[in-house]
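These protein sequences, in sequence, are chains A and B.
No gaps in the numbering here: position 470 of the first sequence is 470 in the numbering used here, and each next residue is one more.
No gaps in the numbering here: position 201 of the second sequence is 686 in the numbering used here, and each next residue is one more.
FYI, nobody ran anything at the bench for these hints, they're computed from the structure.
Being a predicted model, the structure only gives us computed values, none of them experimental.
A few of these clues could be false.
Said to hold, decoys possible - Here are some chain A residues the structure puts well away from chain B; computed CB gaps all over 10 angstroms:
id: 1; residue: H135
id: 2; residue: M199
id: 3; residue: A201
id: 4; residue: A272
id: 5; residue: E313
id: 6; residue: Q470
To be verified - The following residues of chain A were derived to be distant from chain B, with all beta-carbon distances above 10 angstroms:
id: 7; residue: A12
id: 8; residue: E35
id: 9; residue: E45
id: 10; residue: A49
id: 11; residue: A52
id: 12; residue: R60
id: 13; residue: A110
id: 14; residue: P143
id: 15; residue: S274
id: 16; residue: A275
id: 17; residue: K278
id: 18; residue: V285
id: 19; residue: R325
id: 20; residue: D443
id: 21; residue: T472
Stated by the list, open to error - Computed list of lysine-lysine pairs in BS3-like fashion (alpha-carbon distance at most 25 angstroms, straight line):
id: 22; chain 1: A; residue 1: K353; chain 2: B; residue 2: K577
id: 23; chain 1: B; residue 1: K573; chain 2: B; residue 2: K516
id: 24; chain 1: B; residue 1: K753; chain 2: B; residue 2: K624
id: 25; chain 1: B; residue 1: K573; chain 2: A; residue 2: K377
id: 26; chain 1: A; residue 1: K253; chain 2: A; residue 2: K278
id: 27; chain 1: B; residue 1: K971; chain 2: B; residue 2: K889
id: 28; chain 1: A; residue 1: K383; chain 2: B; residue 2: K573
id: 29; chain 1: B; residue 1: K903; chain 2: B; residue 2: K939
id: 30; chain 1: B; residue 1: K577; chain 2: B; residue 2: K624
id: 31; chain 1: B; residue 1: K879; chain 2: B; residue 2: K960
id: 32; chain 1: B; residue 1: K903; chain 2: B; residue 2: K933
id: 33; chain 1: A; residue 1: K377; chain 2: B; residue 2: K577
Here a beta-carbon is modelled for each residue, glycine too, at the ideal position from N, C-alpha and C.
Below, each chain spelled out in residue letters.
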Amino acid sequence: MLTGHEIRDRIARRETSALEVAKRSIDAVAASEPELRAYLTLTPEYALARAAEIDARIARGEDCGTLAGVPVAIKDLFCTQGVRTTSGSKILANFVPPYSATVVAKLEAAGAVMIGKTNMDEFAMGSSCENSGFHPTRNPWDPSRVPGGSSGGSASTVGARGVPIAVGTDTGGSIREPASFCNIVGVKPTYGRVSRYGMIAFASSLDQAGPMTADVRDAAIVLEAIAGHDPMDSTSVDVPVPHYADALREDLKGVKIGIVREFESSIGGDAAMSALYKEAYASLVRLGAELVEVSLPHAKYGLATYYLIAPAECSSNLARYDGARYGVRVDGDGDVYQMFERTRAAGFGPEVKRRIVLGTYALCSGYYDAYYVRAQKVRTLMKQDFDTAFAACDVIACPAVSCPPFALGAKSDPVAMYLMDYFTIPMSLAGIAAMSVPAGYVDGLPVGLQIAAPAFEEGRMLGVAHAYEQSTRFAWARAPKVGAA
Amino acid sequence: MKNSSTTVTEAEAHDFEPVIGLEVHVELKTKSKMFCGCRNEFGAEPNTWVCPVCLGMPGSLPVINRVAVEYLCKAGFALGCDVAPFSKFDRKNYFYPDMPKNYQISQYDMPLTTGGGITLPSGKRIRLNRIHLEEDTGKNLHAGGAMSGSDYTLIDYNRAGVPLMEIVSEPDISSSDEAEAYLAELKAILSYIGVSDVKMHEGSLRCDANVSVRPRGTTALGTKTEVKNMNSFRSVGRAINREIARQSERLAAGERIVQETRGWDEGKGATYSMRSKEEAHDYRYFPEPDLVPLALEADMLARWRAELPELPDARRKRFAQQFGLSEYDAQVLTAERSDADFYEATAAACDDPKQAANWLMGDVRRALQSAGLTTLAQSPMTAAQLGELIRLVKTGAITGKAGKEVCDLLVAQGGDPKVIVAERGLGAVTDTAEIATMVDQAIAANQKSVDAYKSGKANAFDFIVGQVMKVSRGKANVEIVRALIKERLG
Chain A
1 MLTGHEIRDR
11 IARRETSALE
21 VAKRSIDAVA
31 ASEPELRAYL
41 TLTPEYALAR
51 AAEIDARIAR
61 GEDCGTLAGV
71 PVAIKDLFCT
81 QGVRTTSGSK
91 ILANFVPPYS
101 ATVVAKLEAA
111 GAVMIGKTNM
121 DEFAMGSSCE
131 NSGFHPTRNP
141 WDPSRVPGGS
151 SGGSASTVGA
161 RGVPIAVGTD
171 TGGSIREPAS
181 FCNIVGVKPT
191 YGRVSRYGMI
201 AFASSLDQAG
211 PMTADVRDAA
221 IVLEAIAGHD
231 PMDSTSVDVP
241 VPHYADALRE
251 DLKGVKIGIV
261 REFESSIGGD
271 AAMSALYKEA
281 YASLVRLGAE
291 LVEVSLPHAK
301 YGLATYYLIA
311 PAECSSNLAR
321 YDGARYGVRV
331 DGDGDVYQMF
341 ERTRAAGFGP
351 EVKRRIVLGT
361 YALCSGYYDA
371 YYVRAQKVRT
381 LMKQDFDTAF
391 AACDVIACPA
401 VSCPPFALGA
411 KSDPVAMYLM
421 DYFTIPMSLA
431 GIAAMSVPAG
441 YVDGLPVGLQ
451 IAAPAFEEGR
461 MLGVAHAYEQ
471 STRFAWARAP
481 KVGAA
Chain B
486 MKNSSTTVTE
496 AEAHDFEPVI
506 GLEVHVELKT
516 KSKMFCGCRN
526 EFGAEPNTWV
536 CPVCLGMPGS
546 LPVINRVAVE
556 YLCKAGFALG
566 CDVAPFSKFD
576 RKNYFYPDMP
586 KNYQISQYDM
596 PLTTGGGITL
606 PSGKRIRLNR
616 IHLEEDTGKN
626 LHAGGAMSGS
636 DYTLIDYNRA
646 GVPLMEIVSE
656 PDISSSDEAE
666 AYLAELKAIL
676 SYIGVSDVKM
686 HEGSLRCDAN
696 VSVRPRGTTA
706 LGTKTEVKNM
716 NSFRSVGRAI
726 NREIARQSER
736 LAAGERIVQE
746 TRGWDEGKGA
756 TYSMRSKEEA
766 HDYRYFPEPD
776 LVPLALEADM
786 LARWRAELPE
796 LPDARRKRFA
806 QQFGLSEYDA
816 QVLTAERSDA
826 DFYEATAAAC
836 DDPKQAANWL
846 MGDVRRALQS
856 AGLTTLAQSP
866 MTAAQLGELI
876 RLVKTGAITG
886 KAGKEVCDLL
896 VAQGGDPKVI
906 VAERGLGAVT
916 DTAEIATMVD
926 QAIAANQKSV
936 DAYKSGKANA
946 FDFIVGQVMK
956 VSRGKANVEI
966 VRALIKERLG
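Only chain B is shown next, with the shape it has when bound in the complex:
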């Protein structure tokens, strides 16, 4: 993927190489919040899913959500991390109105997991530093859009206390393409294990990028900036490219890079300074005294690990091997767990993995688009129904053309393909006598083509076949048609 926002010249780009690390915040899809029993769900009326605990009212105390710990540990296992049997929570202290207690319960020096990594489709390995568990903040809604200059600010605390895991990579990423590939792979893994919705547009996945550049061929790290406020994988890529270009231009001009936090302005396609290192918070971390340390028993951790489903990478490899799919097909079919499940069920139902892949990536995808759907999960069609349709086409019970029509109906409404075929009269004509009549008519009506065929023009044969099909409105079994024409014309 090439991004257009870069203004760095080729010479500059050649002189400097970027070093990138990502900090990804992922909201966990638990039923209740991290430290209280309030519902954890996106999109409710503001300040309806709140209680004394997540509002930080005097005397309220946090209690750890066991499922959030389980989900994080499962993410850790899926990403090859070391899961700590003993960890603890800490307070991160800073004042901000969307944070009810003016401290965030997080993990500082004893995170739940360390190590691990993600292998990109290119084969490159991006190592992880750690994953820790914390609580999300509320949301500020500034009148006029920005905090400065707005008349007032409203705060929605529904999100306050939602379980959040922060996944910190090592600075192993060396381009915006790799960053986007990393995010795509991370998203696939997390959605596979079912611990998060990982929807960037709803904020259940958020990404900050630490970017620095250094003269190509050197090993010392340059001064980094942290870029925030990207709202899609694509804008992460754009922001990184822009920041690489900005830093390279500065260094090329003999200037220094200031360590700071920068915001990404999607409209302007530029980063801007939010606060410098000097203005950075001293978070005054210390162990959360309202919680006892987290001790996880070995058999529980083993059980969580055993409960993990097959992960995207493994499934991709298995699909290629077991079903003889191309690497591309396997990649597409495994990107979402539900799609991969659907594919496997369809393949089993029609007993033809190749055809199942072809239908899902061809006619089904097209039918989804024309039905205005974006994912397979939105369609009422089941894998058994699609499998039956493929079987009908394979056995010649219906023609390929009729199959497409049935597919459109299935994707839009679901249903039993056999019933649809019967109701709509889409069954193939396989009665030889009936087809023979049509063939004889076609031969009689197209003497020129018959003569042309007899004088050796092979495509004249196909023309006659086409005429028969036309007459049968596409329902005649084409094999029978061809056999009969051949028989007649000798």
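So that you can see chain A by itself, here it is in the shape it has in the complex:
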């Protein structure tokens, strides 16, 4: 399977058809799915019908959009009208939304063809996809290992080239970490850049949808397609959406890249990882960039801050799953609260319950000021850290992860799993743009380089990533163990 833009161009040149591409994608996914289990719902009939429709429109000479005929996979927390949407939770195992998320509608308007809904950690809470309420997903580079999470299914299927493009969501690293683990490009846009309407909420002030793609150009095309103000989402920001592909560069002359002092000392303990990132920074210099050291003094509080704010918001966001209106219901013995309790006890997995309890506690009167309010203050300090850093550099380059993909079951301690987001959480808390781009291998397993940019400077960020990708060519490597096409 080619990249999204290559497929689009070939269809446009009538070298292949959307239907042919859809069939190949469906076949590739079917071939790898027994091993990877990247999907919760496959929609082959829908995809074939959609592809035929696109072909018919192309035959009539219509402009079908920037993703015309390109197969895409959708993380299962984006509502899809008429197609089951679970957010990876048993509590929504039977939920079929009567509406589509704005991101889904925009992808469709751009001509994309949905192949299926991808697996994820339940309600996006996790970094390995093992917290899925249904089944884990595996890494195409080594199926004994996790694909990362929470957008693990999307990363796995793009890594295996079942589809060239998927969308995921990132709350504390849920796009960037799995992108790193599966050797793909993953972009977490600025908070407010992409509408959250129809995206099942985990932590409202952090959740952001973004592309997970075969290469940087695809990410630029997808971001342009899904970004922009949405009257249905008050937190989406009304700033113009640039033509991101214009920002893609071939060299980095005149670009100042910040290297985060605190992160370097943190990764320094792991010789292989440290060496990989040193080489990545050297590549940036070879492309003409100037490296400057910057400091994020409050980044060390990122995890603690995140694990107050995100659970607090989720404890409230997930209150609606009570069995009364939709989703799975377990009846009570004639008592509505018993019904609520039984439904939630049966429907939620252990990690979701853990975070609901954490968040409920943090919001209790008497603790609220000490926890939630304090965490919000630290969040402000973290934003100021980035403001200071970006005064001295154009973008920041830093680790996306602290290790290559790990084996299923290796991180049974919740805190060990939380630590996976150490390098990604500060950008989430600050609400700025960040992405992961393939940066090489440790023990034959993929690792990503994180590039972060000021709010709404996705173009600048994608430009740097593109130059790096084109010169290093790590993104071209295919998963050796799984996947065909």
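We have chain A; now place chain B onto it with these hints.
Just chain B, lined up with the frame of chain A:
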């Protein structure tokens, strides 16, 4: 207004004084709901005016209704509040099946308005603490009437997400009469500015009362209870009186008051315990992350303030001054904005404010009752029509008696008074020759009365006038009748 439900003895009532604060929820009369585009209207088929947002479906997000903010700010200006140029929404978290998200979007520590107050007709000022904006819940319909013991519960979410403002008073109210006066004044103001239907029986105005008592003459507040479930202003008064009596009896007996929420049972005329402070929710308020804070520009606020109509109190004073009405008449005529508008238009049409007031409070009101109508707005009669009728009576074109008949017809059906008079032959007889004939006949037929008048009995004169009127079936111009009789009898 004296309420009968009180059982407190005079001695007890004398020993304790009540301290009362009211929390009033008012639904705003916007076209659409608070956070979505669904219609906001009372009385539709259950669960027809709902959407993913007001049903709290996964992934749905709220968007603030600008008109609801405008209405609340206008209420704030009308009530003399400080309107905050910067406020925010918060989530109030608790589980209840009529609340689709299991949290309510409300305002916690930065309400849209603070301060303000209402001056009662007695002159007493009841201060307001705050007014905040929130969304209404759905409605539970329990089979059998109560949640416990019912086989099942149906939920209607049409009301879920309707814009609601909560008006919180300071504990400045010291009797049930004051509470009812406060509610009446609040209702008048809100209906004047057109932001709500303020119908308690339809639930567009709901009132909870915080009641405590303390030994008379002391200043420390006693333990309060919150009384809920009253369905009319009168039941608010009754519930308050009952709660004052209950608390006073307890304290007099040396018992303590438990801080709790109590329900009002209209049938039994008693309050009952719903939940104690220990069972009270910890609402875990935190800022609503799905909405950005609300920043209101100064020129917009100034425009909203300028758009306010004349308020009941000001209009009452103006009516008394400008039209020379009594305080009572002015109060009655200004209670509803539409009535006051009607009155002013009528006064202008007939150019006689006094007569306009007399007709509206007398014959028109009576005619409304006999037509089975409760408000002037239900009648098809226009102010111009009523004004014309008053003019006809004033100029003697029709008699007062005929005027009443025309009034009844106007109130029931509307129409041009002149046409009604012509069609029904109700015009006054003003032809002197015609009246002279009737007068001569009456004098001839009532010689006894003529003699009595001549011997100095003044009421005999009136009898003869009455006889003439009778013959004319009330249509003879009475002034002409009197003049002619006087002329004849010298």
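Worksheet item: Broken hints, numbered, in rising order?
Response: Hints 2, 3, 5, 19, 27, 29, 32 contradicted; others consistent.
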